[in-house]
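S.K.: Protein sequences, first through last, are from chains W and X.
Read in the numbering used here, the first sequence has 346 at position 346, and its numbers run on one by one without any break.
Read in the numbering used here, the second sequence has 1016 at position 16, and its numbers run on one by one without any break.
Treat the hints as calculated values from the structure; they're not laboratory data.
Check before you lean on any hint, since a few could be wrong.
Under the rule of at most 25 Å between Cα atoms (straight-line distance), these lysine-lysine pairs were calculated in the DSS-like manner [stated by the list, open to error]:
#, chain 1, residue 1, chain 2, residue 2
1, X, Lys1140, X, Lys1102
2, X, Lys1158, W, Lys377
3, X, Lys1320, X, Lys1278
4, W, Lys297, X, Lys1113
5, W, Lys377, X, Lys1113
6, X, Lys1158, W, Lys297
7, W, Lys100, X, Lys1046
8, X, Lys1113, W, Lys374
9, X, Lys1345, W, Lys354
10, W, Lys374, X, Lys1158
11, W, Lys354, X, Lys1326
What follows is a list of derived Cβ distance ranges for each label pair [claimed, not checked]:
#, chain 1, residue 1, chain 2, residue 2, range
12, X, Ser1137, W, Arg54, 54 to 64 Å
13, W, Gly90, X, Leu1143, 53 to 63 Å
14, W, Asn275, X, Leu1014, 54 to 64 Å
15, X, Gly1181, W, Pro13, 26 to 36 Å
Here are some chain W residues pointing at chain X (derived, C-beta under 7 Å) [what the hints assert, rightly or not]:
#, residue
16, Pro8
17, Val69
18, Lys100
19, Tyr222
20, Asn301
Every residue gets a Cβ at the ideal spot worked out from N, C-alpha and C, and that includes glycine.
Residues per chain, in single letters:
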Amino acid sequence: MGSVRPTPTDGYPTPTSILQSATENILKARIPGHALPTDSTPVQPTLQRQQHLRFLLRNLVQGFPARYVSQDASQPWLIFWTLQGFSVLGVGLDPTNKKKTVDTLLAMQHPEGGFCGGPGQFPHLLPTYAAVSAMAIAGQPGPGGGWDQIDRKKMYDFFMSLKQPDGSFLVSHNGEVDVRGIYCLLAVATLLNIATPELVEGTAEFVASCQTYEGGFGNASYPDWALDDGVIDPSAPRPPLGEAHGGYTFCAFASWVLLQPYLKHYMPASRPQINMSSLLRWLTQMQGIAIELGGFKGRTNKLVDGCYSWWVGGCVGLVEGLLGERISKPSPSHIDSEKDEEWDDVDDSVYNRKALQEYVLLAGQHPAGGLIDKPPKNADAYHTLYCLSGLSAAQHHVIPNETRKKELLACWADADVANDKLEAFRRENFAFALSWLEEEGESRFVGGEGNRLNATHPLFNLTVTHTENMMAHFYGRKVPSRYKKN
Amino acid sequence: MPAINDDEPQGPQLFSERPEWADVTPVPQYEGFQPIAPILYTPQYKDATDYFRGIVRTGEKSERVLELTEAIIRMNPAHYSAWQYRYHTLLAIKAPLDEELKRMDAIAIQFLKTYQVWHHRRLLLTALHSSSRTSPSSVKSALEELAFITRTLATDAKNYHTWSYRQWILAFFDNADLWEGEMGFIERLLTEDVRNNSAWHHRFFVVFGKGSGLQRGASQEDSETVLKRELAYTKDQISLAPNNPSAWNYLRGVLEKTDTSYERLRSFVELYTVSQVKPDQSVLDLENPGPGTTAELPCVAALEFLADIHEKAGGDEVKKAIEIWKSLANEHDTMRKKYWEFRIKEASL
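Let's have the full structure, built from the sequences with the hints guiding it.
M.R.: Okay, structure coming up:
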């Protein structure tokens, strides 16, 4: 067991490198065989499922401790993080708690459309996504089931009231423009079948304008130099505000993917472009080196953090899904390597999935339950979900499946897609989103099958089943079973 | 009536205990049922937000609403509805917005990492200066705001919202003096920490944000002058600390933005792909500053850059790119093995 190389500092320390070194000293103790003599907890790559479930359940039933007042304007998020955490761990809620959840969420729906951070607050795109996603898990059709009590018409009006001339959206009235809001809006519009060309016109161009010179995406772009009487001049400068960042990059790229059906149907000839190679480079550059256990950072020269397992690790999965065969076809010249041969032979990814799993399992779990940013931080609901989702994304390949897409398109045989452009658009949204499936035989589990998590849809961070059920309802389609009869 | 015990701590009074708030009906958050996953609020927070829901219901916009919203913001700076309502109240009662900006300074410093704090300032500046951005008093305000941002960056040099907000201020006021002043500021920060990626990103925004090569300014620099300056600066920073991804990413960004060939950097990059620093550099090449004696070589980013030069050159040079990618995959940057294999595959097509 050789010593693990620290990040080189070139004999030129700065605050960044000093913090990085200090962090590496803590992280390296989690590498098997490198534990400090004072460490009493041996670290195994075993997912402590029961402890994490207890952590989540405690929050759900007993409530969140007082320090969570900082999340009082994010109550739907607390619910979503907890419920999706359960889903990824393969556990469902009982009917009583489901009903309680639905009632709680409905109390956060604003009479004028959209969901709020809590009852009596104002509607906002981010809690809207969290509430609708939580509904996908806890709700169902019918009276009191939650789904049919979502006011889709008012929600659409709320969305349109936030739309800006540059294709972006404010997150709330008088709120900021932020690419997270756009992702939340598009995810909800897709799930609830309320997307229209009017809603998303100009949005893809806005998203593209948020890509920075590093290849990732910032949180917004500056519109005024390119706006002439409310119309964007595509040749005028529209620089990104804020450096490339993992969270914004996920939201921007997932938005980009969700907009593909719109671009296909309404802009086939003149599509905006993003730079996929620089995006892929930036994403893979965000993975930490061995001494950081292969966790992901959110920005260049910043520290690894468990939540980027999903935002960045998950985003690479999305890129892989969109690039398709370019990534997955076997390499013509196999690279010989003594280490990890068995894993490498079967893993087609473009990032190190094995190392990401190791980060979550060895550095991301808190001994008292729940998951974390990095040791020695405490667990919280947010990091618990995104570490687990990231681990799931590293275990499974969830990518578009052509056969499934054909089956889904066939559900619309009765629709007049040739003459009704909006119906054709809806059909494409439906079939595209639901064509993402777990690739059979391609899942890999560091630490063994006992660490297996449910696969999660890379666009929504819901299970494929929850996504399917909700969309089947709101698109009015009967979806054929994913499981083949023998 | 119980005697007042002087030993008991007297915290700020709840709104429910204050006679001047008696006309407001507080509204509990959940009426009629027990929610799932409740937050276990402090009595102060529950009280203030009950009263907030109360005044929202009546639509009251008055001076005392400012006190209430500030109390909530101080307990939970992420309460976007309190911020939104506060903003509407300020406008409705025609409160002096420049005083509000000053009042918010202390809150901004305390709650740096919260979006709403910065967004509120942006709303205030927009309301104050939208129609008069170029006036001397507006530019003065912008300078004060930039100075305020500089102070907060001293505490947290990479705060995302702060930097994003600074970029917005510069773009919004779009004033020559403001743009010119930024370069000195950026260089100071990069001298303090050459690895501060936020400062590098800011540099790119200032130099190239409004279009390649030229920013408005008294001196009309041409694109080639700007390019030379940026390349020289970046090369110098690389020579100080070669294993700094921020500088290499900036270098790539400059080349892409100005449509300059990577080939132009070949001699420079090759200084960093060797395994050891060449002991005798008797000729000081200002064009190609080399690594110092403590540099850790070969520099992974330099190897990657050289591979890109080979790949772009095409023909026989592609083989050299593949050799470098193999060495990265197997030796120098093994975490990214899959990515380097992907590059080999793509180049082999």
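S.K.: The structure should be examined with respect to each hint, and the outcome stated for every one.
M.R.: Status of each hint after checking the structure:
| no. | hint | in the structure |
| --- | --- | --- |
| 1 | X:Lys1140 with X:Lys1102 | holds, 14 Å |
| 2 | X:Lys1158 with W:Lys377 | holds, 20 Å |
| 3 | X:Lys1320 with X:Lys1278 | holds, 22 Å |
| 4 | W:Lys297 with X:Lys1113 | holds, 18 Å |
| 5 | W:Lys377 with X:Lys1113 | holds, 18 Å |
| 6 | X:Lys1158 with W:Lys297 | holds, 14 Å |
| 7 | W:Lys100 with X:Lys1046 | holds, 21 Å |
| 8 | X:Lys1113 with W:Lys374 | holds, 19 Å |
| 9 | X:Lys1345 with W:Lys354 | holds, 21 Å |
| 10 | W:Lys374 with X:Lys1158 | holds, 19 Å |
| 11 | W:Lys354 with X:Lys1326 | holds, 20 Å |
| 12 | X:Ser1137 with W:Arg54: 54 to 64 Å | holds, 60 Å |
| 13 | W:Gly90 with X:Leu1143: 53 to 63 Å | holds, 57 Å |
| 14 | W:Asn275 with X:Leu1014: 54 to 64 Å | holds, 55 Å |
| 15 | X:Gly1181 with W:Pro13: 26 to 36 Å | holds, 29 Å |
| 16 | Pro8 | holds, 4 Å |
| 17 | Val69 | holds, 5 Å |
| 18 | Lys100 | holds, 5 Å |
| 19 | Tyr222 | holds, 4 Å |
| 20 | Asn301 | holds, 5 Å |
The structure fails none of the hints (numbered hints given earlier).
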